[in-house]
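S.K.: Got chain A; can you put chain B on it based on the hints?
Protein chains: 2
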Amino acid sequence: MTTYVAPTRDMLFAMNELAGLAAIAALPGNEEATPDLVEAILEEAAKFATEVLAPINAQGDRQGCTCKDGAVTTADGFQAAYGKFVESGWNAMPASPEFGGQGLPSLISTAVLEMWKASNMAFSLCQMLTLGAVAALENHGSDRDKQRYLPKMVSGEWTGTMNLTESQAGSDLSAVRTKAEPEGDHYRITGTKIFITWGEHDMAENIIHMVLARLPDAPEGTKGISLFVVPKFLVNADGSLGRRNDLVCASIEHKMGIHGSPTAVMAFGENEGAIGYLVGEANRGLACMFTMMNHARLNVGLEGVAISERAYQQALGFARERVQSRPIGATSGGPVAIIRHPDVRRMLMNMKARIEAMRALAYFTAAQMDTAHSHPDASERAKHQAMTDLLTPVVKGWCTENALDITSTGIQVHGGVGFIEETGACQHMRDARITTIYEGTTGIQANDLIGRKVARDQGAAVKLLLAEMNDTLAALEAAGDNELKVIAGSLLGGTLALEKSTDWLLATYDQDPASAAAGAVPYLKLFGTVTGGWLMARAALVAMKMLESPDADFYRAKKITARFYAEHVLPEAQVYREAIVSGAGSVLALDETMF
Amino acid sequence: MTTYVAPTRDMLFAMNELAGLAAIAALPGNEEATPDLVEAILEEAAKFATEVLAPINAQGDRQGCTCKDGAVTTADGFQAAYGKFVESGWNAMPASPEFGGQGLPSLISTAVLEMWKASNMAFSLCQMLTLGAVAALENHGSDRDKQRYLPKMVSGEWTGTMNLTESQAGSDLSAVRTKAEPEGDHYRITGTKIFITWGEHDMAENIIHMVLARLPDAPEGTKGISLFVVPKFLVNADGSLGRRNDLVCASIEHKMGIHGSPTAVMAFGENEGAIGYLVGEANRGLACMFTMMNHARLNVGLEGVAISERAYQQALGFARERVQSRPIGATSGGPVAIIRHPDVRRMLMNMKARIEAMRALAYFTAAQMDTAHSHPDASERAKHQAMTDLLTPVVKGWCTENALDITSTGIQVHGGVGFIEETGACQHMRDARITTIYEGTTGIQANDLIGRKVARDQGAAVKLLLAEMNDTLAALEAAGDNELKVIAGSLLGGTLALEKSTDWLLATYDQDPASAAAGAVPYLKLFGTVTGGWLMARAALVAMKMLESPDADFYRAKKITARFYAEHVLPEAQVYREAIVSGAGSVLALDETMF
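Each protein sequence line maps, in turn, to chains A and B.
First residue of the first sequence? That's 1 in the UniProt record's numbering, and the numbers climb one at a time after it.
First residue of the second sequence? That's 1 in the UniProt record's numbering, and the numbers climb one at a time after it.
The shape of chain A in the complex, shown without the other chains (with noise of 0.2 Å):
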């Protein structure tokens, strides 16, 4: 079992170099965001991943939690790491300092988050949905609301939930049939939620549900959705506990992985009906939830990243250790460890230039957001959102689908041992495979992608992405450099397919929307492909410049693992153009009968 070290020297980079950090911190409001303060932060969080949630990780896995008459104890160890996280104040530093929280730039905090998340997957969920809570009542809640509850969920003593799913409406949110009865200044709320993140636990004192249910005379479909604060226990005028709620926790799933986070059936009203207090407008529901919908895809991005890096260190850890046969081509002499043996090194650096490019795109995202938020010309602020939600649907399914394969791959690395469970290379596997589920499956980020974020604008944002990466070929194909010329060259071909792609999609999606959906997931794929390897391709033309710094070990590494992408990774884009641009009619032939 290896333990997790955050890679602050990649996330550094990834930071600076490619996300660019300096002018976030120079945006009005950033100012505290000094190079020493985030190094210090980076630091600290580092160590408290390595101390205090990764040694907990399997343990969640093994023990899972139990729920018995409505309340759920989670895996030893976990409460108390809970209790250590909201006092250290990380739960707060993401969030804004109106309600405690340190109003850090999203760069920073994204980079602090892959720590929680690569170090104990399970854990991390819970800060997570809190957070979520935390935006929806922010943007939306009333002041009343949001004085009684945000302190608290802002410092982690009461922990936040999503309440969207279910049985019946999983992607279809539409769907929802929880009903919610007005009564004085607040609604009693009945139905039953599924799939409900840490909707039930003994690390806080109060948890505070956010809950989509439908008012009487809600109109059908998505523009009848309400959103409601919901908490486990009421909350007195003068922020003192009252009395439960209706509510309880029916039982709670036996799932493939994230043992440690308990994924809640929530049984709304089972008797007078539980109290919960309108958010934002009536029946503008799903408009206040998708504010923290963007944030979770690309937490949920995010930790595709995560543990595909858990997932690397504990496969490189083995790698230098396991001795086994000679190196290929001796004849003599004895065996060596595989990290030796080329096929193991192939799957470490497939492993390893993947994550690099995965993590640039996240941090990345993360800075076109820091900008839309804080730059203080509106035309750069919408310049920058339009691209945090281009990059978002990317960020989740790309990285996400990525990491089933890292994490298999983690596994493969070890041999047998690594499908033994103790051995710790599987769990990785299986908490990975909820990622490119849960938030909108990788169907659901791509349609969002081809309809919303480019066939809307007419690609307006993909070309300006497009525009971007053609100045970084001229500034590869101006380097002289010859490992500079192969990226160039295999860049190009990523880009002329997005190009090409991107062009049928806008010609196809108006006239023909089921061909275009049927080219979505290979879209979203292209589109991350290309986009990583273009910051793999600009971290190179850094490196190139470094490689005489006392650092050039990491420039050498770096510049490496940048045509390693383009040389293994980049040309998957053009199997995606094929699928995109022809393979639609072979997707969408056969009956229904026939399958």
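A portion of the hints provided could be inaccurate.
Any copy, or any two copies together, can satisfy a pair, since identical chains are not distinguished.
Unchecked claim - Listed next, the in silico SDA-like pairs over lysine to any residue satisfying Cα-Cα at most 20 Å (straight line):
| hint | residue 1 | residue 2 |
| --- | --- | --- |
| 1 | K223 | I328 |
| 2 | K223 | S174 |
| 3 | K500 | L466 |
| 4 | K485 | V581 |
| 5 | K223 | S332 |
| 6 | K223 | R326 |
| 7 | K223 | A330 |
| 8 | K84 | T50 |
| 9 | K485 | V542 |
| 10 | K500 | R452 |
| 11 | K485 | A589 |
| 12 | K47 | V86 |
| 13 | K383 | L27 |
| 14 | K223 | T331 |
| 15 | K152 | F99 |
| 16 | K545 | L590 |
| 17 | K146 | S240 |
| 18 | K223 | G333 |
| 19 | K223 | Q324 |
| 20 | K223 | G334 |
| 21 | K223 | A287 |
| 22 | K146 | E281 |
| 23 | K485 | A475 |
Hint data in this document are derived by calculation from the structure and do not stem from the laboratory.
M.R.: Coordinates of chain B only, in the frame set by chain A:
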């Protein structure tokens, strides 16, 4: 929870049209394999799989096996099912008639084995290991040992195991340390073996272990390993069971999947030494093992096909039943079954197309083996043996690597409930995860492929296969059908990629073995992808002529599925070619410390 229905229609198609069952049945000794008999066997086996093995599959996963004081208890229902399996003669079916088997061609038993593996992979492993031990004894054992063990092993009254791995000797069997000291007509075996599938259990009265060990004077490395037969209970001259041998199951592993199959740590000779008998010549144990390993490798490849089929059936059943969201582009009307959503269709088509190509390849290879075994002409036998040898690592490596993706996609089709263990989709993915590891990892298969199977004969066997592919290309072009033209274009790209990569490998293998090995797994995947594409193209040619037959729907679906493969899967060949021909440098460039 869905059940399993054997895909006999597609199995018969692959057997008849792609593997050439009629030609196999015409070989000497195969007279019994009439079309009627084959259909009857498949029908009966399908019934057994659905009625007896499939229903206990999930139970085996949930309950697993337990080990107490050296005794292993299997999950509820396994003992009874095994009794029926033996009683019905299914264990004996694939074995040669001399010791009670039916002596049918491998092609037929391959289809039957696919059913066992799909309906209950954990259960099926017991027979697989027994048949492997039977093959080793039959080919290399003394007459005394054959008479003593084989009849009851063939019937299944006794089961067999392969004891190869030790903790320091995984992929590298040269590191085996288990000792064998001569004593009269037998040897005393001492040592500890790990990862012994069905090494101990409660389903049979005796277990016959095939054990690799070293004689006292043995040379180091692989040339000093001998094979021994070591029964759990010694067998008296009259065939009755004697006293317990000095071997014990020390523990069983806690694995990610195949929980129904006990994986034992076996301790030999903790007291006076376990009594074993030499099989074959001293120090030639590895060669004896290879006899059964090739069979076992094909069978594990077949597991990839089988578990993928099971995952596909489960996902398809769900996609037909689960109603969610309007069809894409619709602005009114109700929600529809998700099979009507393009991205779900894409996932199902991807599963279906790969599975059919994998099945075709596995069955085609089984037919090569049958021809190599029974053809009257020695040069034909040699040619087909070379083809069997060439394709064995491809079937093992490519079908199992595909199975990882396909079983994962099976979960994805389910959305959120796919991650819940009770749904059953997770088990298939967890079970599948071992298939790329045991019987030699994908890396080991790939090294075998590029070294012993391609470089050693200077690509002669590959070129024979490429020539057959070119014949198919000509037939596709001559057919005058647009869909077949599309398929031809894609297949041409694939064959050129295979040809070019093979040429590169042949030029590189001797002088730069590390670079060749860096591309070994991509080459294996390229080989499988293209050969699968060739077989799908042949299937489309057959289908084109049958579109007016009473079974027209099957052939229409086959032709469309072949086109899907050509458009969505076969283009991957270019990614592999790029990785092989251009990518070795970046695999090998990084210093070990720079990972």
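S.K.: If a hint holds in the structure, say so; if it does not, say that too.
M.R.: Going through the hints against the structure:
{"no.": "1", "hint": "K223 / I328", "result": "between (64 Å within a copy, 18 Å between copies)"}
{"no.": "2", "hint": "K223 / S174", "result": "within (8 Å within a copy, 68 Å between copies)"}
{"no.": "3", "hint": "K500 / L466", "result": "within (11 Å within a copy, 33 Å between copies)"}
{"no.": "4", "hint": "K485 / V581", "result": "between (28 Å within a copy, 17 Å between copies)"}
{"no.": "5", "hint": "K223 / S332", "result": "between (73 Å within a copy, 14 Å between copies)"}
{"no.": "6", "hint": "K223 / R326", "result": "between (66 Å within a copy, 15 Å between copies)"}
{"no.": "7", "hint": "K223 / A330", "result": "between (69 Å within a copy, 16 Å between copies)"}
{"no.": "8", "hint": "K84 / T50", "result": "within (14 Å within a copy, 53 Å between copies)"}
{"no.": "9", "hint": "K485 / V542", "result": "within (15 Å within a copy, 46 Å between copies)"}
{"no.": "10", "hint": "K500 / R452", "result": "within (19 Å within a copy, 43 Å between copies)"}
{"no.": "11", "hint": "K485 / A589", "result": "between (42 Å within a copy, 17 Å between copies)"}
{"no.": "12", "hint": "K47 / V86", "result": "within (15 Å within a copy, 58 Å between copies)"}
{"no.": "13", "hint": "K383 / L27", "result": "within (15 Å within a copy, 72 Å between copies)"}
{"no.": "14", "hint": "K223 / T331", "result": "between (72 Å within a copy, 14 Å between copies)"}
{"no.": "15", "hint": "K152 / F99", "result": "within (9 Å within a copy, 76 Å between copies)"}
{"no.": "16", "hint": "K545 / L590", "result": "between (54 Å within a copy, 18 Å between copies)"}
{"no.": "17", "hint": "K146 / S240", "result": "within (15 Å within a copy, 81 Å between copies)"}
{"no.": "18", "hint": "K223 / G333", "result": "between (72 Å within a copy, 16 Å between copies)"}
{"no.": "19", "hint": "K223 / Q324", "result": "between (62 Å within a copy, 17 Å between copies)"}
{"no.": "20", "hint": "K223 / G334", "result": "between (70 Å within a copy, 15 Å between copies)"}
{"no.": "21", "hint": "K223 / A287", "result": "within (9 Å within a copy, 71 Å between copies)"}
{"no.": "22", "hint": "K146 / E281", "result": "within (15 Å within a copy, 82 Å between copies)"}
{"no.": "23", "hint": "K485 / A475", "result": "within (10 Å within a copy, 41 Å between copies)"}
The structure agrees with every numbered hint stated previously.
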